[in-house]
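Novice: Protein sequences, first through last, are from chains Z and B. First residue of the first sequence: 6, per my numbering; consecutive thereafter. First residue of the second sequence: 100, per my numbering; consecutive thereafter.
For the record, the hints were derived by calculation from the structure and aren't laboratory data. C-beta: ideal position from N, C-alpha, C; glycine also. Warning: the hint list may mix true and false statements.
Claimed, not checked - DSS-like mimics (lysine-lysine), calculated; alpha carbons at most 30 Å apart, straight line:
no., chain 1, residue 1, chain 2, residue 2
1, B, K387, Z, K146
2, Z, K146, B, K432
3, B, K187, B, K101
4, B, K413, B, K101
5, Z, K37, B, K357
6, Z, K149, Z, K161
Stated by the list, open to error - The following residues of chain B were derived to be distant from chain Z, with all beta-carbon distances above 12 Å:
no., residue
7, F102
8, G247
9, S269
10, N402
11, H404
12, Y405
13, E415
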Amino acid sequence: MNDQMVIDKARESLKDKVMELTNPAPRRLFLKVRVEDLLTAVSWLKEEMGFTHLATISGVDLGQSFELLYHFANNFTCLTIRTEIPRDNPHLPSICELIPGAILYERELQDMFGIVVDGIPDPRPLVLPDDWPAGNFPLRKDWKYERPPEVIPGGKK
Amino acid sequence: MKFQIPIGPQHPALKEPISLRMVVEGEIIRDADLRLGYNHRGLEKLAEQKTWIQNIYLAERICGICSHSHTTCYVQGVEKLMELEPPKRGLYIRTLVAELERIHSHLLWLGVAGHEAGFDSFFMYTWRDREIVMDILEIISGNRVHYGINTIGGVRRDLDELQVKRILDSLDILRKRSEYYQHLGTNEPSFVARLAGVGYLSREDAIALCAVGPTLRASGVPMDVRKDDPYAVYDEVPFEVCTADTCDVLGRAVVRIKELFQCYNIIEFLLKNLPSGPIAVKAPRRAKPNEVVSRYEAPRGENIHYIKSNGTDKPERLKVRAPTLANYAATIKMLKNGFIADVPLIFAAIDPCICCAERAVAIVDARSGQEKVVPIVTLKQLSQKISSNNAKKREVAWPL
Numbered sequence: 006m007n008d009q010m011v012i013d014k015a016r017e018s019l020k021d022k023v024m025e026l027t028n029p030a031p032r033r034l035f036l037k038v039r040v041e042d043l044l045t046a047v048s049w050l051k052e053e054m055g056f057t058h059l060a061t062i063s064g065v066d067l068g069q070s071f072e073l074l075y076h077f078a079n080n081f082t083c084l085t086i087r088t089e090i091p092r093d094n095p096h097l098p099s100i101c102e103l104i105p106g107a108i109l110y111e112r113e114l115q116d117m118f119g120i121v122v123d124g125i126p127d128p129r130p131l132v133l134p135d136d137w138p139a140g141n142f143p144l145r146k147d148w149k150y151e152r153p154p155e156v157i158p159g160g161k162k
Numbered sequence: 100m101k102f103q104i105p106i107g108p109q110h111p112a113l114k115e116p117i118s119l120r121m122v123v124e125g126e127i128i129r130d131a132d133l134r135l136g137y138n139h140r141g142l143e144k145l146a147e148q149k150t151w152i153q154n155i156y157l158a159e160r161i162c163g164i165c166s167h168s169h170t171t172c173y174v175q176g177v178e179k180l181m182e183l184e185p186p187k188r189g190l191y192i193r194t195l196v197a198e199l200e201r202i203h204s205h206l207l208w209l210g211v212a213g214h215e216a217g218f219d220s221f222f223m224y225t226w227r228d229r230e231i232v233m234d235i236l237e238i239i240s241g242n243r244v245h246y247g248i249n250t251i252g253g254v255r256r257d258l259d260e261l262q263v264k265r266i267l268d269s270l271d272i273l274r275k276r277s278e279y280y281q282h283l284g285t286n287e288p289s290f291v292a293r294l295a296g297v298g299y300l301s302r303e304d305a306i307a308l309c310a311v312g313p314t315l316r317a318s319g320v321p322m323d324v325r326k327d328d329p330y331a332v333y334d335e336v337p338f339e340v341c342t343a344d345t346c347d348v349l350g351r352a353v354v355r356i357k358e359l360f361q362c363y364n365i366i367e368f369l370l371k372n373l374p375s376g377p378i379a380v381k382a383p384r385r386a387k388p389n390e391v392v393s394r395y396e397a398p399r400g401e402n403i404h405y406i407k408s409n410g411t412d413k414p415e416r417l418k419v420r421a422p423t424l425a426n427y428a429a430t431i432k433m434l435k436n437g438f439i440a441d442v443p444l445i446f447a448a449i450d451p452c453i454c455c456a457e458r459a460v461a462i463v464d465a466r467s468g469q470e471k472v473v474p475i476v477t478l479k480q481l482s483q484k485i486s487s488n489n490a491k492k493r494e495v496a497w498p499l
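Hey, can you work out the whole structure from these sequences and the hints?
Specialist: And the structure:
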């Protein structure tokens, strides 16, 4: 299996679901799909192409929308599924049914970007503390960290 | 009757902070839950505010044991963004340090495994020999932990003949010792009996839960980024992917010992075929808008960085996924239906490198046995309330 074979197979099986398919470097493929087609693409990748290993899910804040990148790998190449969701309605289907190992990455996305993952088996916060103020999503570009003023117990003398 | 046992974030049995909640029935773990976040440092956010060069040193500080893994993964991604071609000699030295780091990490792991299994002399032996590798790393880079050898476009320090000779000499000692450990680790009956069958993870589960590194390879899946997706000079170096099919902690130990020998061979090959020439090329300050996925086989498994540039001297996004995070889902699986006494061993077997757990504390009322989770703020207030009564003591005259 090489990059060209994956590209051909993708065009053959996913047809018009492929919005964009690029191969910028050897063993690096980027497949863009609509968010409705995400589950179809992931299941095609897993069942037919043998990409069983999900390396991670990266989220990027593009301003008006969020870009999600699902990095898959097998023994021959590394394919990234890219999809976009609007910022004012950030909903994403969970892929845990297909790839159980995705759970931690999806929980991290919920914490860091405030994306709602529909159908996630375990929606609890993962990396942020329990007393983290609601509505604060650190990896959004408009989120700025402000250090709380230091209070000396008993006051300064 | 079922009990819930909290372990960590701070616990004597764990070497790094992690919070585990286990539901036990007698001695047997029925369910396990993991809480992360205790050690979360917001590094991805910080990286967006630092320049490309500054981020090398930030990436180095993600981990103290696989510091070179993160810099190499980051640096080779940035080199692709900047369209740089690092010179061959630079890549050879980079790979050399990477393999030395793998040796020191695997020897460290073997020691921890011996310690958790109650075989402390094994632990002391392996950690003594780990010093040899640490010394070599110090000879090459000047540092024992954060080598600071990578830079965008190559490496920062060159090797000379004398250093090469000293590394080769030390390698002979290491090889001999490792043979002894291999013999011991696979033949010593009590050690084998302690490790065999513990933390079972079937091949199917390992694949489904996206495990990486020796954990995955010990379940019989030959997946190694160095072979599948060769970076640096791994396409020129002959080596084998080591696997085991016992799917337990013993298998993970065997994989790591086998990998040690592969490391020695790789290092010998690298030193004997070290090309001459420059070690680095000059890097520009800015990178054109682009994106790159960089993968690296760290001692613990696949390390992946996703880097996006926006034309300035700072990254738009740096996503880091360290290998330990990928192994957590598999760890939960391994813990289930195991014994509570096996927890440190199973946990140590994935070689955790933790940036984890929560920032809240579970307080158990000793009289009623009631447990409640309170945020750190409440705990601080509580401690201030208690210590405020101590004020009078401060006024007591010093007896001497």
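Novice: A separate judgement is required for each hint: does it hold in the structure or not?
Specialist: For each hint, the structure was consulted:
no.: 1; hint: K387(B) to K146(Z); result: 20 Å, holds
no.: 2; hint: K146(Z) to K432(B); result: 36 Å, violated
no.: 3; hint: K187(B) to K101(B); result: 60 Å, violated
no.: 4; hint: K413(B) to K101(B); result: 52 Å, violated
no.: 5; hint: K37(Z) to K357(B); result: 40 Å, violated
no.: 6; hint: K149(Z) to K161(Z); result: 29 Å, holds
no.: 7; hint: F102; result: 21 Å, holds
no.: 8; hint: G247; result: 26 Å, holds
no.: 9; hint: S269; result: 34 Å, holds
no.: 10; hint: N402; result: 9 Å, violated
no.: 11; hint: H404; result: 9 Å, violated
no.: 12; hint: Y405; result: 4 Å, violated
no.: 13; hint: E415; result: 7 Å, violated
Violated hints, in rising order: 2, 3, 4, 5, 10, 11, 12 and 13; the structure is consistent with all others.
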